[in-house]
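Let chain C serve as the given structure and place chain W on it in line with the hints.
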Amino acid sequence: MSELLSKPRFPHRHLLGIEGLSPIDINSLLDLAEDAVEVSRQIEKKRATLRGRTLINLFFEASTRTQSSFELAGKRLGADVMNMSVATSSVKKGETLIDTAMTLNAMRPDIIVVRHAQAGAVHLLAKMLDCGVVNAGDGAHEHPTQALLDALTIRRNKGSISGLIVAICGDILHSRVARSNIILLAALGARVRVIGPSTLLPNGIERMGVEVFRDMRKGLEGADIVMMLRLQRERMSGGFVPSSKEYFRFFGLDKEKLSLAKPDALVMHPGPMNRGVEIDSAVADGPQSLIREQVEMGVAVRMAVLEALAQHLPNS
Amino acid sequence: MATNAGTSIFSPSIAHQPLALVNARLIDPERATETKGGILVADGLILDFGPQITPASLPPHAQIIDCGGDIVAPGLIDMRAFLGEPGAEHRETIASATAAAAAGGITTILARPDTTPPVDEAAVVDFLLRRARDTGRVRVLPAAALTKGLQGLEIAEIGLLQQAGAIAFSDGAHSVRNAQVMRRALSYASDFDALVIHYAEDKDLAAGGVMNEGEFASRLGLAGIPREAEAIILDRDMRLVNLTGARYHAALITTSLSVDIIKKAKAAGLPVTCATSINHLTLNENDIGDYRTFLKLAPPLRQEDERRALVAALAEGVIDIIVSDHNPQDVETKRLPFAEAEDGAIGLETMLSAGLRLVTSGELSLFRLLHALSTKPAEILGLPQGHLVKGAPADLIRLDPDEPYIVEKAKLLSRSKNTPFENARMEGCVKLTMAGGKIVHNLG
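Heads up: the sequence lines are chains C and W, in that order.
For the first sequence, the residue numbers in my numbering are 14 to 329.
For the second sequence, the residue numbers in my numbering are 122 to 565.
Chain C on its own, in the form it takes in the complex:
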């Protein structure tokens, strides 16, 4: 680990979002993650960086892959990991959330990973806690480790992010993944496009430095990376789009639409996928898909984030 510690010190106590990170911060996290990939590919995957430390996964919203990814990342770094899943309904009001924070604080954790259905809830907790806080997704606001793992995946496959055309497609309106990715990719010099029906595009999105397309075919032209987003079932029956059938016709990624992107374009999806709604199986499992690699990079990026925050823990 001495070589990791020799790298530039990560200047933040928490990772609450991509917003506020400099390109240097982002790249240093990605460099750390490259090392973590190597660690994870060894037979002996355990490091001692967080030995004796306590990591709490505090998930107010159900999650399988993000929570297990953080759990594994913490364990591979030697931390004691506790998973807390809190029923969303019982912790909706600010007071209760703060009470929860104070209770946890008293248990003296070193890092808390938080997911919450409300945008800004993780920031509120961070103000109340003495330990490091990682945002594992707050409402439709940010999901920074997802954007970092996406960036790592792109960087490893394309060499660099600068100058790439990245098309983010689907439910931009409700997506924290989209917001974090837009900020990160733009910071590293990519040209970001968002593609979706007007009903799934947030007001003022064009002022976030992206090109907006309502016609997927046009938006995919010349793209290097096609990043699909999940469309939640309750949103595809007339509330925001008429039906999954119609959505797939116009915004589902199939081979024919993918052929409009560059021939070497790569396909990503944060998961879990709705096959036949936003993505066709032939594409999801095809040669251009990076979807499984993204999951592997997820663990590495989360190890990197935990390591970076550990630099700020007392007595380290």
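No lab work stands behind these hints: they were computed from the structure.
Careful, some of the hints might be misleading.
Claimed, not checked - Derived CB-CB ranges, DEER-like: (1) C/246 with W/154: 57 to 63 Å; (2) W/390 with C/289: 27 to 33 Å; (3) W/274 with C/295: 30 to 36 Å; (4) W/363 with C/24: 41 to 47 Å; (5) C/217 with W/299: 21 to 27 Å; (6) W/392 with C/217: 31 to 37 Å; (7) C/289 with W/254: 52 to 58 Å; (8) C/133 with W/299: 26 to 32 Å; (9) W/529 with C/289: 55 to 61 Å; (10) W/437 with C/252: 57 to 63 Å; (11) W/390 with C/140: 45 to 51 Å; (12) W/274 with C/96: 34 to 40 Å; (13) C/216 with W/254: 41 to 47 Å.
To be verified - Examples of chain W residues lying across from chain C (beta carbon under 10 Å, computed): (14) 274; (15) 277; (16) 278; (17) 279; (18) 281; (19) 284; (20) 302; (21) 306; (22) 311; (23) 312; (24) 313; (25) 481.
None of the values given here were measured: they were computed from a predicted structure.
Beta carbons: idealized from backbone N, C-alpha and C, even for Gly.
Relative to the frame of chain C, chain W by itself:
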């Protein structure tokens, strides 16, 4: 059910013999010009027209019709009519409605989608297109539902319906109550550059009402519907159009309040158009008289001041077009106490004659009347017909504007006979109707 397969304008055995209407007053509603001359038609299109088209100038094999100085103008386009199919064939069929339309000079009808089942699936659009092809005497274009099941809750499959052939989206006689749903429907429709046609009525405010609110309703002891029921939703819609940029057409406005709202929206540059019905332009609430249910309409007939305001707004162009609001109802649903009777009147056959009353009374120019009945609706729907230009589809009418007749129920071609103009004296008779170059109505 009788079919008129032989009379379909889309039948493959279309005559290739050129046909000329000569000795006519050619009216171009778009340029507001009138020319004495003739018009030459071949292969379903207008080949040429003008003073040079005379019997002497024509090839020997051409069929020639002498119009005897009658008007020849583009065929009419009706953007609001209920055609019965599918589900209400006892009230009307595409065959009977298009026969009535042909007799009234209408060559294109936009069919209301609030049928049974509603036109909210591509398969129903396909059904309508095939029925129109096989049994229609004039062109029938399908409008599709804006929301699933016309329920006003979930957006219909606008993209798939458009690909199937729907040319506009509307919930027919239903008004979308929920502003969030309406906002998303408009927003989604705008992605497809789809035209949204909306009937503006606040269901809660109009609840229980059966005629226009006011003194006359109070005297009759009938519950009223205030003008505001229309204005509130229309005003909301204008704000949502401003928010979403969708193309919006108000299906049927009937009050001066609505005229002001549309006027303001147009001045602000919103992509908005609107229609009023021939009934609201030529009748008022007093015509209800002694509880005549054939004059029970939705929206209700208004006061004479309102009627005059509508005519003025039409002349000025604030109101873009006139619709028949053809709504056939069988006898059983009209032979009831006023409040229990169904809304609606037929209108395909009498729309033009009734409109000519406004020309005769000096309230409207003949050019503007024909413009609001042909060129303007074509423009709103993006259709090539409705224009007197070379190469346009030969959808034409021959009209004697002075010939008097009396509206006789028994002679009406619609399957239902609920005309508000029963036994009325009319002037102006459509002598010939041509759709796609084929004569579909001819009084000889």
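Results of checking the hints against the structure:
no.	hint	result
1	C/246 with W/154: 57 to 63 Å	59 Å, holds
2	W/390 with C/289: 27 to 33 Å	42 Å, violated
3	W/274 with C/295: 30 to 36 Å	34 Å, holds
4	W/363 with C/24: 41 to 47 Å	45 Å, holds
5	C/217 with W/299: 21 to 27 Å	24 Å, holds
6	W/392 with C/217: 31 to 37 Å	21 Å, violated
7	C/289 with W/254: 52 to 58 Å	34 Å, violated
8	C/133 with W/299: 26 to 32 Å	28 Å, holds
9	W/529 with C/289: 55 to 61 Å	59 Å, holds
10	W/437 with C/252: 57 to 63 Å	40 Å, violated
11	W/390 with C/140: 45 to 51 Å	47 Å, holds
12	W/274 with C/96: 34 to 40 Å	39 Å, holds
13	C/216 with W/254: 41 to 47 Å	44 Å, holds
14	274	7 Å, holds
15	277	6 Å, holds
16	278	4 Å, holds
17	279	6 Å, holds
18	281	5 Å, holds
19	284	8 Å, holds
20	302	8 Å, holds
21	306	9 Å, holds
22	311	6 Å, holds
23	312	5 Å, holds
24	313	9 Å, holds
25	481	47 Å, violated
In terms of the numbered hints stated before, the structure departs from hints 2, 6, 7, 10, 25, listed from lowest to highest.
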